[in-house]
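Going line by line, the protein sequences match chains A and B. Take the first sequence: its position 458, counted from the start at 1, is 458 in the UniProt record's numbering, and no numbers get skipped. Take the second sequence: its position 50, counted from the start at 1, is 50 in the UniProt record's numbering, and no numbers get skipped.
Keep in mind the hints are simulated off the structure, nothing from the lab. Hints are all accurate, no fakes.
Over the 12 Å line for every Cβ pair with chain A, so calculated as not near, a few chain B residues:
no.	residue
1	Lys28
2	Ala34
3	Ala91
4	Lys145
5	Pro169
6	Ser222
7	Ile225
8	Glu231
9	Arg291
10	Trp339
11	Glu354
12	Thr432
13	Leu436
Straight-line C-alpha distance at most 30 Å; calculated DSS-like pairs for lysine-lysine:
no.	chain 1	residue 1	chain 2	residue 2
14	B	Lys360	A	Lys485
15	A	Lys170	B	Lys128
16	A	Lys359	B	Lys68
17	A	Lys485	B	Lys100
18	B	Lys54	A	Lys365
Computed from a prediction, not measured in an experiment: that's the story for all the values here. Note that beta-carbon positions come from the ideal geometry of N, C-alpha and C, so glycine has one too.
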Amino acid sequence: MNVLKQLGLALFIIGIGIFTGSIFTGNFSLTEAELNEFLASKNYKSELIKDELKKATVTKENLNIFEFSSRVRNAYKTSNNYYDALIAKYDAEKNWDKKGEQYQYKIYGKPHTLSYEIAKKAGSGFVKENSGLLWWLTFGLSIIGALLFIIPNLVLLGRPGIKNNGIYHKASTNRGGIAWVVFVYLVVFYLLLYFMPDYIVNWTYILDPISIFLNGGPASQWFVYGFLYCTVMVVMAVRMYIKYRHNKYQIIRTTSVLFFQIVFAFLIPEIMTSLNMPGYDFKNAFPLDYDFFFEWNLDNLRNRGAIGLFILVWGTILTLIIVPVMVYFFGKRWYCSWVCGCGGLAETLGDPYRQHSDKSLNAWKLERWLVHGVLLFSLVMTLVTLYCYFSGAEAFLGIKSQWIKDTYSFLIGAWFAGVIGTGFYPIFGNRVWCRFGCPLAAYLGLVQRFKSRFRITTNGGQCISCGNCSTYCEMGIDVRSYAQKGENIIRASCVGCGICSAVCPRGVLKLENGPETGRINPNDILLGNDVDLMDLVNQK
Amino acid sequence: MEEHIVIIGNGISGVTAARHIRKLSDKKITIVSAETEYFFSRTALMYVYMGHMKFEHTQPYENWFWKKNKIHLKKGFVKQIETKSKTLHFAEGDTLEYDKLIIATGSKPNKFGWPGENLKGVMGMYHKQDLENLETYAPNNKVCKRAVVVGGGLIGIELAEMLHSRHIPVTFLVRESSFWNGVLPEAESAIINREIMANGIDLRLSTNLKEIISDENEQVKSVIIEETGEEIPCNVVGLTAGVSPNIDFIKDSEIKTGRGVKVNRYLETNIPDVYAIGDCAEQQEGINQRRPIEAVWYTGRMMGETLAQTICGNRIQYNPGHWFNSAKFFDIEYQTYGWVWAQPKANEARFYWEHADGNKCIHINYNKNTREFIGINTFGIRMRHEFFDKMLNEKQSVDYVLEHLADANFDPEFYKQYERNIVLKFNKENNTNIQLKKKSWRRIFA
Numbered sequence: 001m002n003v004l005k006q007l008g009l010a011l012f013i014i015g016i017g018i019f020t021g022s023i024f025t026g027n028f029s030l031t032e033a034e035l036n037e038f039l040a041s042k043n044y045k046s047e048l049i050k051d052e053l054k055k056a057t058v059t060k061e062n063l064n065i066f067e068f069s070s071r072v073r074n075a076y077k078t079s080n081n082y083y084d085a086l087i088a089k090y091d092a093e094k095n096w097d098k099k100g101e102q103y104q105y106k107i108y109g110k111p112h113t114l115s116y117e118i119a120k121k122a123g124s125g126f127v128k129e130n131s132g133l134l135w136w137l138t139f140g141l142s143i144i145g146a147l148l149f150i151i152p153n154l155v156l157l158g159r160p161g162i163k164n165n166g167i168y169h170k171a172s173t174n175r176g177g178i179a180w181v182v183f184v185y186l187v188v189f190y191l192l193l194y195f196m197p198d199y200i201v202n203w204t205y206i207l208d209p210i211s212i213f214l215n216g217g218p219a220s221q222w223f224v225y226g227f228l229y230c231t232v233m234v235v236m237a238v239r240m241y242i243k244y245r246h247n248k249y250q251i252i253r254t255t256s257v258l259f260f261q262i263v264f265a266f267l268i269p270e271i272m273t274s275l276n277m278p279g280y281d282f283k284n285a286f287p288l289d290y291d292f293f294f295e296w297n298l299d300n301l302r303n304r305g306a307i308g309l310f311i312l313v314w315g316t317i318l319t320l321i322i323v324p325v326m327v328y329f330f331g332k333r334w335y336c337s338w339v340c341g342c343g344g345l346a347e348t349l350g351d352p353y354r355q356h357s358d359k360s361l362n363a364w365k366l367e368r369w370l371v372h373g374v375l376l377f378s379l380v381m382t383l384v385t386l387y388c389y390f391s392g393a394e395a396f397l398g399i400k401s402q403w404i405k406d407t408y409s410f411l412i413g414a415w416f417a418g419v420i421g422t423g424f425y426p427i428f429g430n431r432v433w434c435r436f437g438c439p440l441a442a443y444l445g446l447v448q449r450f451k452s453r454f455r456i457t458t459n460g461g462q463c464i465s466c467g468n469c470s471t472y473c474e475m476g477i478d479v480r481s482y483a484q485k486g487e488n489i490i491r492a493s494c495v496g497c498g499i500c501s502a503v504c505p506r507g508v509l510k511l512e513n514g515p516e517t518g519r520i521n522p523n524d525i526l527l528g529n530d531v532d533l534m535d536l537v538n539q540k
Numbered sequence: 001m002e003e004h005i006v007i008i009g010n011g012i013s014g015v016t017a018a019r020h021i022r023k024l025s026d027k028k029i030t031i032v033s034a035e036t037e038y039f040f041s042r043t044a045l046m047y048v049y050m051g052h053m054k055f056e057h058t059q060p061y062e063n064w065f066w067k068k069n070k071i072h073l074k075k076g077f078v079k080q081i082e083t084k085s086k087t088l089h090f091a092e093g094d095t096l097e098y099d100k101l102i103i104a105t106g107s108k109p110n111k112f113g114w115p116g117e118n119l120k121g122v123m124g125m126y127h128k129q130d131l132e133n134l135e136t137y138a139p140n141n142k143v144c145k146r147a148v149v150v151g152g153g154l155i156g157i158e159l160a161e162m163l164h165s166r167h168i169p170v171t172f173l174v175r176e177s178s179f180w181n182g183v184l185p186e187a188e189s190a191i192i193n194r195e196i197m198a199n200g201i202d203l204r205l206s207t208n209l210k211e212i213i214s215d216e217n218e219q220v221k222s223v224i225i226e227e228t229g230e231e232i233p234c235n236v237v238g239l240t241a242g243v244s245p246n247i248d249f250i251k252d253s254e255i256k257t258g259r260g261v262k263v264n265r266y267l268e269t270n271i272p273d274v275y276a277i278g279d280c281a282e283q284q285e286g287i288n289q290r291r292p293i294e295a296v297w298y299t300g301r302m303m304g305e306t307l308a309q310t311i312c313g314n315r316i317q318y319n320p321g322h323w324f325n326s327a328k329f330f331d332i333e334y335q336t337y338g339w340v341w342a343q344p345k346a347n348e349a350r351f352y353w354e355h356a357d358g359n360k361c362i363h364i365n366y367n368k369n370t371r372e373f374i375g376i377n378t379f380g381i382r383m384r385h386e387f388f389d390k391m392l393n394e395k396q397s398v399d400y401v402l403e404h405l406a407d408a409n410f411d412p413e414f415y416k417q418y419e420r421n422i423v424l425k426f427n428k429e430n431n432t433n434i435q436l437k438k439k440s441w442r443r444i445f446a
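With the sequences and hints as input, model every part of the structure.
Right under this line is the structure:
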């Protein structure tokens with residue numbers, strides 16, 4: 001069994017190694033015809049860009065993606081610099097007409113994204129030409145390796161039950177060297193994905209055939225991310241199934257997040273795209289889906305006929321009615337640990353790291369400021385956007401619509417949700433984003449705290465303050481501080497993953513939905529003591 | 001000047017007393033401990049060795065808590081209590097004066113004078129220092145090729161589970177003919193025997209330790225079995241044959257002691273302004289069929305809650321409610337509410353149901369004449385404390401309890417439920433016609 005495990009680990013590392021190494025392969029160049037075709041599709045007005053791009057990309061040299069990207073970005077920069085200089089010149093001359101004319105020649109967009117678009121067409125080499133083989137060498141080997149590593153746990157973990165043995169003895173789960181390596185890898189991965197997609201264009205070639213099969217077009221970096229996301233979740237769900245095979249709540253919950261990720265977040269949008277509909281994740285509720293009310297999305301949906309209109313109405317109803325009503329009946333867990341994609345990754349890939357959440361009072365204070373701050377930020381942004389959309393103004397309350405959207409997308413959408421949210425798993429736990437940053441979680445949390453039937457019931461006086469519940473709470477709730485007072489746990493942040501209940505050695509905690517009366521029950525004296533004393537002290 | 005309350009012992013009893021005194025008053029509070037700087041959950045030490053937690057996770061309060069609540073912590077070993085001058089003398093040489101003294105020093109592991117019981121590698125599993133010892137002598141199965149655990153109680157089985165988690169082979173010597181059968185009925189005891197063996201533990205029932213043999217470095221080499229004379233080579237011996245009150249330092253004082261510190265129902269000792277709570281306190285006689293000394297987490301806490309009232313001017317008797325307890329035997333959770341004795345008393349009848357997998361059971365005790373429900377043991381099925389507390393308060397019949405058993409279930413959602421099978425079996429055996437009622441939130445939260 002241990003041999004199988006080691007073999008699995010080796011295969012996994014080889015697979016990841018090839019996947020990572022593939023970034024550095026391939027040659028990137030265009031023929032003149034290809035370049036012209038690209039330029040025609042783009043309709044640039046700049047007179048310089050054609051020559052600049054030609055110098056950069058139409059070449060016999062063997063350029064790797066980094067050299068290619070640097071050349072392309074320079075080409076755009078040269079063109080833009082030229083017109084910026086003209087703008088400055090006419091500005092100095094106070095020649096406003098001429099100055100105004102120049103803006104149409106500028107090319108907007110993030111340099112790496114512009115470069116990605118050309119690179120996607122310019123690549124050639126072993127990876128692109130052998131995408132099937134490469135799939136097996138990367139995804140295939142990693143999946144098989146990971147499964148070989150995980151499945152022997154059926155025997156090695158011992159009999160069904162909570163087996164957290166050695167979690168704090170292992171470097172991978174106790175912030176040791178391995179955890180830091182994983183941390184760096186994940187952070188770099190997200191930085192590339194969000195900010196330098198051209199560098200990972202080779203990965204898109206590996207998945208081109210699958211993408212074409214599903215939606216008719218070649219794979220983008222977001223397709224790669226979506227596919228990878230589903231793959232990782234499936235493999236790590238197998239781990240969950242084995243680890244919690246005695247616990248039906250965990251089995252069903254894991255199946256649920258897996259289903260919603262694969263079907264709702266991945267397959268349905270891809271299929272919709274192939275049917276020439278707007279690809280939409282029907283479970284992704286605003287304000288987690290922060291650009292739902294952005295102009296481009298509203299315009300897009302309004303121009304797509306009945307389905308577009310349906311999505312518009314559905315998205316609004318989802319946030320305003322379905323989400324809070326469901327939270328009333330079931331707590332925010334129905335979304336955060338049963339449906340949500342971020343939650344899905346946290347509950348599968350993130351499960352080995354759940355113990356790293358900070359349980360201190362200070363962390364709780366920070367959490368409340370941050371998460372509600374982000375909620376407020378998203379609401380202000382949406383308000384400004386909608387006002388400008390309907391009024392045609394550029395700003396509202398002195399806030400520029402474009403500026404606030406860009407700022408939010410960059411700070412919250414990319415850095416917080418992606419780089420920090422997932423990259424920090426091995427060090428700060430698996431719910432950093434959900435706890436400190438997710439505006440939807442903040443909204444659900446307010447409903448859960450003040451108007452919900454959900455609670456974690458504490459079983460009378462049975463708590464022995466051992467601390468397993470608090471240690472394994474991914475949201476950093478000091479569960480024990482309530483349990484040892486015989487008090488139910490009602491916390492805005494609780495995502496109802498059910499692990500506190502699973503790890504409790506004395507059967508003290510139960511997630512349940514019940515009447516609102518008596519849900520919050522602060523006690524000074526616990527059940528089991530003198531009845532008169534309990535009455536005396538616990539009077540509310 | 002507020003009066004000075006000094007508490008010896010920073011376990012659950014002493015800390016609960018301190019917290020409640022603070023809630024009720026501005027008295028000066030000092031907690032003295034020789035073991036650790038801060039309060040930790042003793043029952044959680046096992047999880048530190050097993051790697052489920054780090055030691056700091058066993059501390060229920062953050063370190064700033066004590067200063068914020070003006071509870072002074074003093075690390076020191078009390079060598080002597082001078083009750084006339086109300087002074088504590090520390091082994092370190094300093095002294096401390098008190099106005100009121102609470103003794104909450106807990107227990108210490110029993111040693112029965114076995115030859116070799118003080119060798120290196122022989123340890124209890126009670127103090128933080130024991131954990132450190134175990135980490136030294138049994139870090140893995142290379143250093144510790146076999147461990148022998150002596151004593152078939154809760155700490156013994158926990159120590160066996162701990163060692164097992166690091167793949168160290170364990171021989172488990174149990175004096176009784178079946179594990180913990182002084183407390184549990186045979187059926188439950190048999191389930192645990194099976195669970196122990198299913199985990200690969202070498203369980204030896206009806207087996208006593210004769211002596212522990214030393215190697216040339218004063219370290220454990222092996223143990224000898226009393227009954228057979230067999231020698232079992234091992235590197236660690238865990239002595240877990242029960243605990244007794246940790247009161248050696250009081251023996252020379254005026255404070256009256258028996259096995260523990262003698263207290264009345266107000267938890268007062270024979271000396272005014274000196275109280276004792278928790279494992280080290282001994283009632284003149286047991287309350288409501290309880291033992292005079294109860295070395296249980298929950299009772300320690302309850303005594304702390306009660307004594308705080310007395311200290312703060314509301315003199316009140318210690319009056320624990322219905323008995324309850326819980327434990328976990330490897331993967332089997334156990335809870336008990338009310339009384340289910342190992343042997344039925346003359347007026348008692350029993351009902352036993354066991355699941356086909358052999359890991360779950362319930363055992364109900366009731367009065368065969370009045371049918372009053374007396375208690376329940378439950379293995380592998382979580383049950384609601386509040387439910388059974390209510391049943392016992394209301395003196396409900398066994399029939400009523402079974403009829404409403406669905407209300408008692410406390411297992412996580414989606415777990416399979418067995419109430420129907422349980423009631424069916426009861427009806428069949430007793431010729432009754434109890435109809436199981438559907439779970440009702442109204443009843444549960446009434």
